[in-house]
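Student: Make a model of the complete structure from these sequences and hints.
Numbering (my numbering), first residue to last: 1026 to 1605.
By construction, these hints were calculated from the structure, which means they are not laboratory data. All of these numbers come straight from a predicted model, not from anything done at the bench. Backbone N, C-alpha and C define an ideal beta-carbon position, used for all residues, glycine too. There's no promise every hint is true.
[Said to hold, decoys possible] Simulated crosslink set (DSSO-like; lysine-lysine; CA at most 27 Å straight-line): (1) K1453 - K1242; (2) K1599 - K1312; (3) K1515 - K1470; (4) K1242 - K1281; (5) K1453 - K1511; (6) K1300 - K1349; (7) K1470 - K1443; (8) K1554 - K1575.
[As the list claims (entries may be wrong)] Distance windows between CB atoms, simulated: (9) M1461 - G1262: 16 to 22 Å; (10) S1440 - P1310: 16 to 22 Å; (11) M1461 - G1585: 18 to 24 Å.
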Amino acid sequence: MGGIPTAASDFSPIASALVPTHDVLVIGAGLAGQRAALAAAEQGVSVGIISKVHPVRSHSNAAQGGINAALNPGDSWESHAYDTIKGSDYLGDQDAIEIMTREAPEEILHLEHLGVTFHRNAEGKLGTRAFGGASAARTYYVADITGQAIMHVLYEQLMKYSEQVARYEEWFSTALAIDENGECCGVVTRNVADGSMELFKAKAVILATGGNGQVWKPTTNALICTGDGIAMAYRVGAKLMDMEMIQYHPTTLAGKGFLITEGARGEGAHLLNAKGERFMETYAPNKMELASRDVVSRAEQTEINEGRGFPDGTVALDITVVPKKRVHEALREIVLVGRDFAGVDITREPIHIKPGNHYTMGGVKTDVDGRTDIPGLYSAGETACVSVHGGNRLGANSLLDTLIFGRRSGVDAASRAKRIEGSTPSKKVLEDEDAMIAEINSRAKGSGRRVSEIKLELGTTMDAKVAVFRDEAGIQEALEIVRRLKEETKTAYIDDHGSVFNQDLLGAIELGYMLDNAECTCIAALERKESRGAQYRTDFPERNDEEWLKHIDLEQTDDGPEISYSEVTITGWKPEARTY
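Tutor: And the structure:
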């Protein structure tokens, strides 16, 4: 790659007079990004992978419970596909779901051969645990650190491909570059270490920046999950899809947002109200605690709202029914979370939990190869909406999504890079981003509100109004607040005007991303006048397939998001009543 930087040192920034150029540029280095980069590198093209944190600090670290695949004799990809489609409340595109579930077993074996130390049973075979909404125990796991285990193995593989894959670690992406033909040809980034700005050139760009959980407070998501890729794609004209579908995980610590893995219920833990009743018998008599996440979260919130919860607005997760030896073997991280953040020994007493923001089913609209409607721009993982999750994602399908569609987008992007010459991005996009940063830096202290104040108001508003239960009045109020906050952001000031590791400045840019995400979620939630999956409208409590068995697509205009619709792809499974 003569003269072009090949890797970012941990200590010194990349200095180059040339525009850094790669065939394929991946933005985000969690599981989807690393899998995409590896797949592209295996095709023999040059790859750059950019991450605003060190790759192994990506939010994929937080995935606890496992990864789904119909690998056991007696299980089938068709059964996995049906469970996923039913879980999605029939909003998932069945062609994409078929691909994901067919390719899942091979991906699990690939990971195992790379060195992921999946749990093995007494016979020495790969062992599984039960997970919500599944008709068979098909979740493969590494205790309750599955995401972290897979991520470290993939990062080792990136080291192996260091000749083909340049790593730009702690570089923050601010805007995509679009050429005069409307094709994506690069990205503008800021080197977090020294504040320098760089314009990267690429024949294909893959967005894999994760979700947007920080739009809500509290959330299980890391501070870095600010919807960057979703917003950057939206700003250059890519369509977003299913943005109203926001998953609230049933078991999070109240106020703090810490996740208590679904694996706990997979091991046999019970949910109890303040009367000690195992209330899921009322809401899902067959699946009980292992109904789909939207069903369990609504059940919990109903118990709390109707006065059967605890005074702190929670219900209880009772893990004491699981043998202590098994808890320490399979749930060791949440033993520590309970002890350190709730003061509870989960092997001896129930822990108080409530539904908390966890995942976005929506994102940048893509096909099954990660292609968006902008040539050269791809997306994968939580940033993307294929849509395999539809109205509600099944637990342990997210890691599978990142790997299957990360790989597919990497392969297709490499194929594109081999076919085309590529164009050089205009320097104007870099100048515009320089000017944007200079303008933020120029704001005087006290000229407006603090970024942190606006972020807090956004998070608490969205958690109150666009959560487990929603109605028109609440969503409309949230939308009005989001639009006011967008205006207030234009004068929000920062305290740090330095260039070295200026997280204050990056927080101001992230806030802009978050507000774009929030506006789109509110618009789509208002538009979908029915209850389906994670979208439960108390003013429209029934699912309405006749009018709403369709995706809501959003595209940026000067007047805000413009709504259009796209059909749900149905191959073999017709919508039916959804019970657990």
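Student: Does K1349 sit within 27 Å of K1300, going by the straight-line distance between their CA atoms?
Tutor: 24 Å, holds
Student: Given the hint that K1453 pairs with K1242, test it: the Cα-Cα distance must not exceed 27 Å.
Tutor: Distance of about 36 Å is beyond 27 Å: violated.
Student: So does M1461 sit 16 to 22 Å from G1262, Cβ to Cβ?
Tutor: 18 Å, holds
Student: Run the distance test for K1242 versus K1281: straight-line Cα separation, threshold 27 Å.
Tutor: 9 Å, holds
Student: Please verify whether K1599 and K1312 have alpha carbons no more than 27 Å apart.
Tutor: Holds, at about 22 Å.
Student: Does the beta carbon distance between M1461 and G1585 stay inside 18 to 24 Å, or does it fall outside?
Tutor: 20 Å, holds
Student: Is the Cα-Cα distance between K1515 and K1470 27 Å or less?
Tutor: 13 Å, holds
Student: Verify the proposed pairing of K1470 with K1443, using a straight-line Cα cut of 27 Å.
Tutor: 50 Å, violated
Student: Just tell me: holds or violated, for the beta carbon distance of S1440 and P1310 against 16 to 22 Å?
Tutor: 49 Å, violated
Student: Hint check: K1453 vs K1511, CA-CA at most 27 Å. Holds or violated?
Tutor: The hint holds at about 25 Å.
Student: With the threshold set at 27 Å, check whether the alpha-carbon distance from K1554 to K1575 stays at or below it.
Tutor: Cα-Cα ~12 Å, so holds.
In this structure, the hints that do not hold are numbers 1, 7 and 10, in rising order.
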